[in-house]
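Order-wise, the sequence lines are chains A and B. Each residue of the first sequence is one higher than the last, beginning at 287 in the working numbering. Each residue of the second sequence is one higher than the last, beginning at 31 in the working numbering.
Read the hints as simulated data drawn from the structure, not as lab findings. Hints are not guaranteed to be accurate.
In silico contact screen, one side only, chain B against chain A (beta carbon under 8 Å); selected entries [claimed, not checked]:
(1) Val78
(2) Leu205
(3) Ser425
(4) Gly440
(5) Asn441
Computed from a prediction, not measured in an experiment: that's the story for all the values here. Note that CB positions come from ideal geometry on N, CA and C, so glycine has one too.
Chain by chain, the residues run as shown.
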Amino acid sequence: MASGFDEMPSRFPKLLAIVFAAFAILLAASAALGKEKESPEVLAAMRGFDKPLILLVGMVVYVRTVDILGYLIPSVLLFFFVGWMLGYRKHLRLAVTGLVAVLIVYAVFNLALGVPLPSPPWWPA
Amino acid sequence: LENILLALGELGDPSVFFFLFCGVTLGLVVGSMPGLNDAITLAVLIPVTFSMEPSTAFALLVGVYCAACYGGSIPAIMLKIPGTASSVVTAIDGHAMAKNGRAGEALGISTVSSVFGGITSSLVLLLFAPALAGYALKVGPPEYFALAILGLSTVVGMGSGPLLKNLIACAIGLLISTVGMSPQTGYPRFTFDNPYLFEGVDFVSMLIGLFGVSAVLEVAEELSHRARKGKLSSSLPKIGPLLPRWSMVKRLLPTWLTSSGIGNVIGIIPGAGMIMAVYLAYGQASRRSKHEKFGTGVPEGVAAPEAANNAVVASSMVPLLSLGIPGNSTSALFLGALLIQGLRPGPSLFSETPEVGYLIVISFLAANIIMGPMGLLVAKLLSRLIVKLPRELLSASICILCLTGAFAVGNSVFNMWVALVFGALGYLFNKLEIPHSPVILAVVLGTMMERSLYQSLVLSGGSIGILFERPISLVLLLGALLSVAMPAIKVMIHRLKAGSQSRS
Chain A
287 MASGFDEMPS
297 RFPKLLAIVF
307 AAFAILLAAS
317 AALGKEKESP
327 EVLAAMRGFD
337 KPLILLVGMV
347 VYVRTVDILG
357 YLIPSVLLFF
367 FVGWMLGYRK
377 HLRLAVTGLV
387 AVLIVYAVFN
397 LALGVPLPSP
407 PWWPA
Chain B
31 LENILLALGE
41 LGDPSVFFFL
51 FCGVTLGLVV
61 GSMPGLNDAI
71 TLAVLIPVTF
81 SMEPSTAFAL
91 LVGVYCAACY
101 GGSIPAIMLK
111 IPGTASSVVT
121 AIDGHAMAKN
131 GRAGEALGIS
141 TVSSVFGGIT
151 SSLVLLLFAP
161 ALAGYALKVG
171 PPEYFALAIL
181 GLSTVVGMGS
191 GPLLKNLIAC
201 AIGLLISTVG
211 MSPQTGYPRF
221 TFDNPYLFEG
231 VDFVSMLIGL
241 FGVSAVLEVA
251 EELSHRARKG
261 KLSSSLPKIG
271 PLLPRWSMVK
281 RLLPTWLTSS
291 GIGNVIGIIP
301 GAGMIMAVYL
311 AYGQASRRSK
321 HEKFGTGVPE
331 GVAAPEAANN
341 AVVASSMVPL
351 LSLGIPGNST
361 SALFLGALLI
371 QGLRPGPSLF
381 SETPEVGYLI
391 VISFLAANII
401 MGPMGLLVAK
411 LLSRLIVKLP
421 RELLSASICI
431 LCLTGAFAVG
441 NSVFNMWVAL
451 VFGALGYLFN
461 KLEIPHSPVI
471 LAVVLGTMME
481 RSLYQSLVLS
491 GGSIGILFER
501 PISLVLLLGA
511 LLSVAMPAIK
521 VMIHRLKAGS
531 QSRS
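Using the sequences and the hints given, assemble the complete structure.
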């Protein structure tokens, strides 16, 4: 404890690390002892995993492009993408709803609430 | 008392009342949509309230919280699909009543029971929160440390998941709470030199992710399952007259009283949760009625859970408004809303900004009163419409709103990432059956616990004994021990009973 400064903040995380290790062992032990039949359930859960994963990737791409293209265009595209991924097949209605919804959100945040949403960098300020 | 009058005056302000009304309506609508609940709606709305006046902001949020809880019973009764988790039990007897041609009566009973439970709970909030807050102002860091431990213990001991998973959830939350500057010393931890993380993980963005984004992912999975199974056939029963008869009111009164009592007690305990209250109330009601078989459409089977879940609503705000500790995950969202408004949650809320503190309390009362007639109206007119809304479009809108909201909270794209990460985490937690509420509570309490521990140690000059010497903190710590030991004790009692039965 020569410099208590460095030691004190790390105390709590270190304690947590020990706790996590203990829980991991407990969980592994209870799985190994067969008290909880984990594996088939997890496998069954994994099967429906594809769509949420694709959606998540779509959202990641969205957040990346907001920096480049501003708010409006990527948002409309994301709306269309999510609706389509969820199995909505009336394309025109989906696109129109998306456009209207995004415009409403844009108006509410930008005008009514005074939170400027990102605009494209080339847009004149 | 003068503060109450002040708050009433503020509520008389047309714009405040308008937003309360909007909140109730919105709450009813989202509550009755399966897959949407109060937490998701509040997570989406909080960034919207960012630039609103505190009074209108909280009127809106309170309205949603109150009404969503009741709204869930509409599809539960009509379709046997609970709109929110809190109306799971209502679906059993409620839908049975609807099938017997008593849908209207079931909806009416659910409305009146919800209003009854909600009003008792608002009164509990009004009586306890300011008093408890006044008391809490006088206690020091050791008591706060003990309180944080108690909160964590109850959420572990009474949470919905198995004990080990609750503990893991808790530890994950504590880990998240260590991100940012360390208390006392101000040393950055787990920030990876990212200035956005110096203040810790943004709480509201995290909640948006955990509730909103993960819900969208959840819908994606569910809809792809359903596509495989084929469309859900929905034939709606006829509604018929709504208002319960006077004789029915008299018959249900004892059920309302006991269920509201259960709901209020559970609500005040941090971490105990709504589902537990609902099951307890239903169990209690079914044990007491001797001649009727529950599950076949017994009015008490609707009245008990509905009175109980609405009784949890306002009383879950007691620990938040008086101590700064959220009672369940939904009131954690209110914590986020308070922080966004720049208000300090905790005991100083009532002393420093009484107008906001009391307004929240009074709004709960008013929202429950508005909910009565509004609920009947929505049940009558909209219940057929609401359950048919395309969920794909809804989810897409939620997705956009969540990410936009996360951006708006801190005016930074970084918060969008936070929401995404926690959306993925929240989804993963659902899959692994790790409950959310211990995570959220631990994030809040972790910071408080660490800070108050170091403050206590400074007070005592480094001796840990200070935590056990002060009477209040000792009692709280003992309470914590008891609530963790509770499941084990229950198992032991159970075994003892089983043992004595097998012997006799």
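Cross-check of the supplied hints:
1. Val78: holds (6 Å)
2. Leu205: holds (5 Å)
3. Ser425: Status holds, d = 6 Å.
4. Gly440: Where the cut-off is 8 Å and the nearest Cβ of chain A is about 10 Å from B:Gly440, the hint is violated.
5. Asn441: holds (7 Å)
In summary, the structure is inconsistent with hint 4 from the numbered list given earlier, while agreeing with all the others.
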